[in-house]
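Given the coordinates of chain Y, assemble chains D and G onto it according to the supplied hints.
The primary structure of each chain is shown beneath.
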Amino acid sequence: MASPERRLKDLGITLPKPAKPVASYEGFVRSGNLVFVSGQVPFVDGKIAVSGKLGAEVSLEDGQKAARICAINILAQLNEATGHDLSKVARVVKLVGFINATPDFVDVPKVMNGASDLFADVFGERGKHARSTVGVAVLPLNCAVEVEAIVEIE
Amino acid sequence: MASPERRLKDLGITLPKPAKPVASYEGFVRSGNLVFVSGQVPFVDGKIAVSGKLGAEVSLEDGQKAARICAINILAQLNEATGHDLSKVARVVKLVGFINATPDFVDVPKVMNGASDLFADVFGERGKHARSTVGVAVLPLNCAVEVEAIVEIE
Amino acid sequence: MASPERRLKDLGITLPKPAKPVASYEGFVRSGNLVFVSGQVPFVDGKIAVSGKLGAEVSLEDGQKAARICAINILAQLNEATGHDLSKVARVVKLVGFINATPDFVDVPKVMNGASDLFADVFGERGKHARSTVGVAVLPLNCAVEVEAIVEIE
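As you go down the protein sequences, you meet chains Y, D and G in turn.
Residue numbers for the first sequence follow the working numbering, so the first one is 34 and each next one is one higher.
Residue numbers for the second sequence follow the working numbering, so the first one is 34 and each next one is one higher.
Residue numbers for the third sequence follow the working numbering, so the first one is 34 and each next one is one higher.
Quick caveat, the hints were computed from the structure, so don't treat them as lab data.
Take these hints with a grain of salt, some might be off.
Identical copies go unnamed one by one, so any copy, or any two together, can satisfy a pair.
What the hints assert, rightly or not - Cross-link-like lysine-lysine pairs, in silico, DSSO-like; alpha carbons within 27 Å at most:
#, residue 1, residue 2
1, LYS121, LYS80
2, LYS42, LYS98
3, LYS50, LYS98
4, LYS50, LYS161
Chain Y extracted, bound-state conformation (with noise of 0.2 Å):
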């Protein structure tokens, strides 16, 4: 298969700098062989891309965009923490999406797929992780959805 920096490159996409807490935490933190990237919003250029709520102003399918930005921004956040070579991602373990819903939007997981699609298609079957979905009652910024990562790096 090939390099995940060349399925990168296939599929258009550019890795952003990875976004820099303005307080006291940090975008991941390596414990053993384990990575935790801190929850992801959908940043673009240090805006929020995606805000609003699923089951109102927010569609389907910008809500899918928003996830896929997420797992982008987790994407460069473990390029920080592999030096700069994905190809040191043993496994991408679990993520935990936090979508930002009505109470009667059901399709959380439809959304999230946006998320865990990226993945697979970067790294193919090491990037099949577990996964939670939830519809929570708000997000920071107001951004339509928030996802967070353990990894296992070589």
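Showing chains D and G alone in chain Y's frame:
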């Protein structure tokens, strides 16, 4: 103490086949000695057994029943992860319970006890876990409860 | 740098006894070098110190105070986990902050800083963690904030 399989038999529980996700993720992923189980919902024979919100159409008793079914579905994933030998479970490390609840339903921990109690019943001391319980806006397919797990395997 | 115990003293913080769950779970579970701390709520002397929702009856300042109390209760669990020697904390790896919030309260990260800042104050660089913060529909006993933690121990 009796084996987990014996305890399940005594409780009258037959483990179902583990649910196979239809999207780009897995029912569980193992990393080192830890198995991360995807958020399980109260599926019985491919249908959500308890749907709706605590604080509205779902009673506390039905919520606890839903949490117990989630725990049974976690056991089904662990059965697969251990090669059908649950005695390899060294410790149920951590559960997170997501309860589909109205904003005024404050008894979410009582709902989650339906899952916690089953792990204690099946594994004894090794079943006692750390946990978090929160009330969320909505869950996949409007199910009443979703539970995820981290489990240490020998 | 001063020991965590010294830093706590300087901050005027006396750690309480760790809360003992009344149900089938534990305040924390250790697996390998990682300690998983159950979601802690703003209990002070057995009572919820800050209850209600951010965006409604709870101010940002009171929410931050609640998050700080959750962090103190995590420290109490870690005190127990380390045999009363917090200098064994190698790294605060990951926090998740669940904020009891109305659907329009978008400042959930500011609330969570009340917890993150305390870990940085007590542990310095070793206190800087990955984190996720989300606004949920409701929390146990209607408390304002719940925080869970994963911590690496020497």
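Checked hints:
no.: 1; hint: LYS121 x LYS80; in the structure: neither (30 Å within a copy, 39 Å between copies)
no.: 2; hint: LYS42 x LYS98; in the structure: within (18 Å within a copy, 46 Å between copies)
no.: 3; hint: LYS50 x LYS98; in the structure: within (19 Å within a copy, 33 Å between copies)
no.: 4; hint: LYS50 x LYS161; in the structure: both (24 Å within a copy, 20 Å between copies)
Checked against the numbered hints above, the structure breaks only hint 1 and satisfies the rest.
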